[in-house]
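Just so you know, the protein sequences line up as chains X, R, H, G, P, E, D and A, in that order. The first sequence lines up with residues 1 to 203 when you count with this note's numbering. The second sequence lines up with residues 1 to 203 when you count with this note's numbering. The third sequence lines up with residues 1 to 203 when you count with this note's numbering. The fourth sequence lines up with residues 1 to 203 when you count with this note's numbering. The fifth sequence lines up with residues 1 to 203 when you count with this note's numbering. The sixth sequence lines up with residues 1 to 203 when you count with this note's numbering. The seventh sequence lines up with residues 1 to 203 when you count with this note's numbering. The eighth sequence lines up with residues 1 to 203 when you count with this note's numbering.
Zero decoy hints are in this set.
Straight-line C-alpha distance at most 30 angstroms; calculated DSSO-like pairs for lysine-lysine: (1) R:Lys15 <-> H:Lys14; (2) D:Lys15 <-> H:Lys14; (3) X:Lys15 <-> G:Lys15; (4) E:Lys15 <-> A:Lys15; (5) R:Lys15 <-> P:Lys15.
Going by beta-carbon spacing under 10 angstroms, a handful of chain R positions derived as facing chain P: (6) Glu166; (7) Met168; (8) Leu171.
No lab work stands behind these hints, which were simulated from the structure alone. Don't be surprised by glycine CBs; every beta carbon is placed ideally from N, CA and C.
Read off the chains here:
There are 8 protein chains.
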Amino acid sequence: VRTGRGEVVFAEGKKTEHLLEIVEVFLSRGENLLVSRVREDQLGPLLERFPRLVYHAEARCCTHVASPPPPCAHRVGVVTGGTSDVPVAEEAAITCEFYGVGVERVYDVGVAGINRLLARLEEMRSLRALVVVAGMEGALPSVVAGLVDRPVIGVPTSVGYGAALEGMTPLLAMLTSCVPGLAVVNIDNGFGAGYLASLIARL
Amino acid sequence: VRTGRGEVVFAEGKKTEHLLEIVEVFLSRGENLLVSRVREDQLGPLLERFPRLVYHAEARCCTHVASPPPPCAHRVGVVTGGTSDVPVAEEAAITCEFYGVGVERVYDVGVAGINRLLARLEEMRSLRALVVVAGMEGALPSVVAGLVDRPVIGVPTSVGYGAALEGMTPLLAMLTSCVPGLAVVNIDNGFGAGYLASLIARL
Amino acid sequence: VRTGRGEVVFAEGKKTEHLLEIVEVFLSRGENLLVSRVREDQLGPLLERFPRLVYHAEARCCTHVASPPPPCAHRVGVVTGGTSDVPVAEEAAITCEFYGVGVERVYDVGVAGINRLLARLEEMRSLRALVVVAGMEGALPSVVAGLVDRPVIGVPTSVGYGAALEGMTPLLAMLTSCVPGLAVVNIDNGFGAGYLASLIARL
Amino acid sequence: VRTGRGEVVFAEGKKTEHLLEIVEVFLSRGENLLVSRVREDQLGPLLERFPRLVYHAEARCCTHVASPPPPCAHRVGVVTGGTSDVPVAEEAAITCEFYGVGVERVYDVGVAGINRLLARLEEMRSLRALVVVAGMEGALPSVVAGLVDRPVIGVPTSVGYGAALEGMTPLLAMLTSCVPGLAVVNIDNGFGAGYLASLIARL
Amino acid sequence: VRTGRGEVVFAEGKKTEHLLEIVEVFLSRGENLLVSRVREDQLGPLLERFPRLVYHAEARCCTHVASPPPPCAHRVGVVTGGTSDVPVAEEAAITCEFYGVGVERVYDVGVAGINRLLARLEEMRSLRALVVVAGMEGALPSVVAGLVDRPVIGVPTSVGYGAALEGMTPLLAMLTSCVPGLAVVNIDNGFGAGYLASLIARL
Amino acid sequence: VRTGRGEVVFAEGKKTEHLLEIVEVFLSRGENLLVSRVREDQLGPLLERFPRLVYHAEARCCTHVASPPPPCAHRVGVVTGGTSDVPVAEEAAITCEFYGVGVERVYDVGVAGINRLLARLEEMRSLRALVVVAGMEGALPSVVAGLVDRPVIGVPTSVGYGAALEGMTPLLAMLTSCVPGLAVVNIDNGFGAGYLASLIARL
Amino acid sequence: VRTGRGEVVFAEGKKTEHLLEIVEVFLSRGENLLVSRVREDQLGPLLERFPRLVYHAEARCCTHVASPPPPCAHRVGVVTGGTSDVPVAEEAAITCEFYGVGVERVYDVGVAGINRLLARLEEMRSLRALVVVAGMEGALPSVVAGLVDRPVIGVPTSVGYGAALEGMTPLLAMLTSCVPGLAVVNIDNGFGAGYLASLIARL
Amino acid sequence: VRTGRGEVVFAEGKKTEHLLEIVEVFLSRGENLLVSRVREDQLGPLLERFPRLVYHAEARCCTHVASPPPPCAHRVGVVTGGTSDVPVAEEAAITCEFYGVGVERVYDVGVAGINRLLARLEEMRSLRALVVVAGMEGALPSVVAGLVDRPVIGVPTSVGYGAALEGMTPLLAMLTSCVPGLAVVNIDNGFGAGYLASLIARL
Ligand SMILES: Nc1ncnc2c1ncn2[C@@H]1O[C@H](COP(=O)(O)O)[C@@H](O)[C@H]1O
Ligand SMILES: Nc1ncnc2c1ncn2[C@@H]1O[C@H](COP(=O)(O)O)[C@@H](O)[C@H]1O
Ligand SMILES: Nc1ncnc2c1ncn2[C@@H]1O[C@H](COP(=O)(O)O)[C@@H](O)[C@H]1O
Ligand SMILES: Nc1ncnc2c1ncn2[C@@H]1O[C@H](COP(=O)(O)O)[C@@H](O)[C@H]1O
Ligand SMILES: [Mg+2]
Ligand SMILES: [Mg+2]
Ligand SMILES: [Mg+2]
Ligand SMILES: [Mg+2]
Ligand SMILES: [Mg+2]
Ligand SMILES: [Mg+2]
Ligand SMILES: [Mg+2]
Ligand SMILES: [Mg+2]
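Chain X extracted, bound-state conformation:
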């Protein structure tokens, strides 16, 4: 994307040599760069050739910040219920930070134990927007949107099996939420959620 806010490369589907070429071009232009969804086999060649890149293991991203974006007065929350959704949550968080927006991580607060969520309510209410990541039945964004009066961006994940339909079930569930204030991005699309949240935070 030519967002004027830094370049982004989606590594997963690319051949390693092709990826290296693209990264070469962007780095040589002195631009900020986010490389998302880096496959395990791409990581070695990438870091070896471009030692400037910082690797974020949980988020499976590499970033290089040539010139830091202007500071942002507001912070964004990234919320998730269990440990399995953390990679997608981290992709969202690293994306926000790449665009210069600070992140509050509110992890391990799923509906199976709602008290942990209630304990962090005040914190969540102080943030500008919330990215809520959930797989399986995808109930968390609804519950959060019912408790907090901020824009909520739901990210369904492909975590789960059987009737989870590789993420279609939480996706559909978030879309039919009976609570307003919530919109949804594609399955596992932490990048998209983080991008939108940072756009809102910078308004």
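Based on these hints, arrange chains R, H, G, P, E, D and A with the ligands on the given structure of chain X.
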């Protein structure tokens, strides 16, 4: 069903005259009878011909109890989030009562306002089993099962539009719940949930 | 919804008498009220009994504003491609206005004639957030998000036939947009989009 | 799951080192532990580091019982039609036993040879609840529920090919059973069925 | 269909006047004629204009046999579980009879009460082929095919609601049957099953 | 299956050692045996341990005929359009032959070159039943059923990509054929089609 | 569409008064006009107010040709298998003629009786492009494309029931055709096919 | 395909030795040959044995032109939005060239940056037909068809994840385009699109 626990007739798809014949047969045998899903156009002829039948308007059922079932020591809870799901919840409740099991109605406690749910937690924990009815994203059964250590029977409803897919979305969501202690019946199947709950209550 | 920002009633699935009761309660409390998706047969009884209600024909909504919300410095855009999507677009627009946020209507700018869209680019760039409504192949939100650096809320509609799958096709298409900055609400959910846009505008 | 009834870890999606850490924590707290869906590559490291763990090969589970649960007066049946569904059935059975509930295994009694099923009817009728596991067309739970007056928990499996749709077909079939007394859990979810059955047995 | 075995007209989707014209043509040629799926509003005009037609109410068919087909030594069974599937079963039965093949009706023998089915086993084993009609979970054809060593033609019906998916669930279930000797026709396609059964009976 | 007509083992999903045990049991009983869907890695151990087994490479089956079935007066046709569907067609053919029914192979006669099909019409008309195997759009069974007055068993295959939906498209297409005389089995189920065809041939 | 080739209005989803306004505008500009999918209740008001409009009953279209398009040297074929698909075929044919391209109608040549199709082969080969309309299993476009070396535009229709899935089955079948030279438009979209065919004919 | 215009072999699903045999036959006949979807492991053996074959790496095709097809006066455009869809686009382009039709490649002009597309408008308008390749939301063919008055063949690709449903989403989106002049081929079917485009170019 020849359940040995009273006869049940599903009225919705039947021609009125055919329905009257079937009801005639069962009543003449002196059996307890539950007629579920009575259509508006069937109601007049049914009540006129069989004044013994009691009509439960919200549940769209008629019952006749010739000989009351033996008393049951335990009670069942029927839980729902909004007013739209009440007809299905009432079908479940009337079914339990038809089989001689007392019902606690816990209505209007959806995830959009989770405090109303938390306020009735003790009550729910005192019951033998819980029928939880929910349309749209179907998050309520998960939330209840996370808070209460009792068998939960989830009933998805066809309430909602678009991505609710006529109830497939809450159905799939309940099936992929990350909370154990929950099983699911067909969309809008209040009868099936009430039957199973009464079976559990009588164990 | 108990949003603390005015009450909202979804009329479509409700019996008229039940609807009148609910509206009665909210109006008697002196609250701002939005009644969405009013069916044709509900309209007469509703306006007759509550002459205070203002009817918005295209949006199929009634509103009553007891105490105007505080003014909002920012405006929201509502964008649509053809005439068929206007009812959903108007539902979004009326919702924004109900919450005190001004709306710029950018209608009839679909991808079949992209020049009309390009002609209104500057206007769109001056707004705080954009609600983009589209049925059929649902391409418009992507195109808008590619041109404007603002949060875009996509609303798929059930307009179309055959492979449009009653709105599932534009819904899926918007979710898989290759342009970031876009999140999606349920099919035909103008209210949800308007609510979220007004939340963003008021940040 | 924090069930207060022993801890449960779902191994399949976890990195081995992460799994070992979690197991370490729970064992060090002296809690009962069930590790389900252990992958082949996780098994060696797991048993080597925690020799206390007991491995149940068919069920692909490990358990450690620090303090046995209180005895339970009632038993649960686990029923399956062929050899392919045995792993899921065993997951249910081991889960029941982990929670201190005895299990009667009624295997190899599918609809292709209904006499084997009829031969074990009395035995099934003496149990508190039945977990019935079936793939392909998923007919067995209906047939069992028609013959036995006990709560039946249906578990569809992903066994089969083509129109079995990786378990969606038996799932849908069980949900639309014309026999009441049956509720359903997710595809291959032996754990969920065993958990619910043990909850019912302990009522 | 120009089957060389008598003409068949599918009435349901046709305008009455167009239907009358087609029937006129075929009758004037002196051919045997089966008019299937006659709508209620088509019935009056049809019988009034062609008094030769015999109406089969349950099957919603009209037939005219100008010259009886040659006698067939073998009989076909038509099997169904409940009363709701009888119209489709009768369509199959009348089709067989139209082609000169005698039919044994084995109705009301569903899986909810398997003894009624077992009671008629010998009878079923004496027939040349079996048409087995079932809605909801569609288990009956599997059960029959497991008990009887004859070709079984499964007919799924659209009877049921929710997860029955208007007949897709019994269709998929029959296709994935673990019992061989069974093939399937389209949802509600009693005619197709009867045609194929008569073809087999006449071999 | 205990068909009384020889034992059948479905090898694909089984562990090799488990498969060897089952085959051991059946061979030691002196029964005819068909092992279908033998995986490449299972083949070596299987043939080494049981040199009596005959391997049919295209069909991916092994058979052992201890006592030949009684001769059958009639033959069955197995028809297919291209080379990709041959493995499924061969599975059907070998199954027929295993049950003692002779097979006419009519291969490479797809709708892309309809003349090759027309050239073999007389031959097809002389057979007792036809198994027609087709992937992609699945048109061949309809075309054959329109030309030949014999029972046709359609076998959809998973050959194809994209909109072929792993065989669901030819499956649905065959089911909605506008030509009668055709019934369908599961995707890739050559065994099921061959079994049913041999059942018909032996009537 | 502003095609520069005449205006087109899709009447079906429009309110009658709104439709009359639009038609008024276009006619007053002296443009050629095609009004497609005219509902029965719209027809009277439309023809009464604009007697210039010519109604094409089978195609459910009205046209007004103010200035005839330039003549076209080539003709297009419109092919269909049965009578049920004729309305969609006529929509395509009238659309071609509206754009000044002559049409050869090749109706009632379905795969159930392939000889009627073969009889008209030479005629089809003489045309510039072929629109082939088919419901149910949608086999006809493949068969035609296999026989004729011209661009074929497949139009699936919603004719059929059950597994025809309201036209999705023929749509998917046409897309997976094993014959090249064929592309597909939306279900029932006779207009789209006719438009494209006329575009090709005029090249 | 026996197109009379050169032979085509689809390599992907074939065993290498089987592929070599087929290629041998066609080359020995002196025919033009296109081998599409060559897998990496097939490439070595293929080129080693048949050094005459020219390999097109991006398109994953091999061609051998024994006798060049007659020259074609018209050119075709192949259009695509990003780098990920290039392999499918190249398959279409090489196919056109194989049939003797010149190709204009218009790559990297997606909706995310619509100016690059507008810059090449004149060029596109000068071509005979356009193949437009797009994955994810599949909006590009609509946008192109709205701008250019030429036949557009849309090719959806399986590029994308989650709600892209392996290409079903762009497929459905293209089919429901609100712009006429567009027809669609199967997911990733560059060959089919190129074939049809060359057929049109040669009219
Ligand atoms: N993790 C991600 N998920 C979804 N979209 C992404 C992701 N990372 C990058 N993108 C999008 O993909 C585009 C880059 O795609 P590409 O040009 O193929 O590398 C970016 O502009 C982003 O819009
Ligand atoms: N509301 C309901 N929803 C689902 N199943 C029902 C309902 N009411 C009755 N049934 C089932 O339908 C059976 C009666 O069906 P029928 O014989 O068609 O009247 C009963 O045995 C119940 O198992
Ligand atoms: N290739 C096949 N496709 C479908 N079903 C098969 C096949 N081979 C065997 N079967 C069925 O699977 C049963 C054996 O399954 P199993 O006991 O798991 O080996 C047989 O009775 C057949 O009904
Ligand atoms: N029968 C039809 N089927 C599909 N699309 C149509 C049909 N008739 C008109 N259209 C398209 O719909 C557009 C007009 O839509 P509207 O502006 O809503 O009347 C035309 O430009 C055509 O592209
Ligand atoms: Mg909120
Ligand atoms: Mg619980
Ligand atoms: Mg943007
Ligand atoms: Mg029972
Ligand atoms: Mg049998
Ligand atoms: Mg035939
Ligand atoms: Mg052709
Ligand atoms: Mg155009």
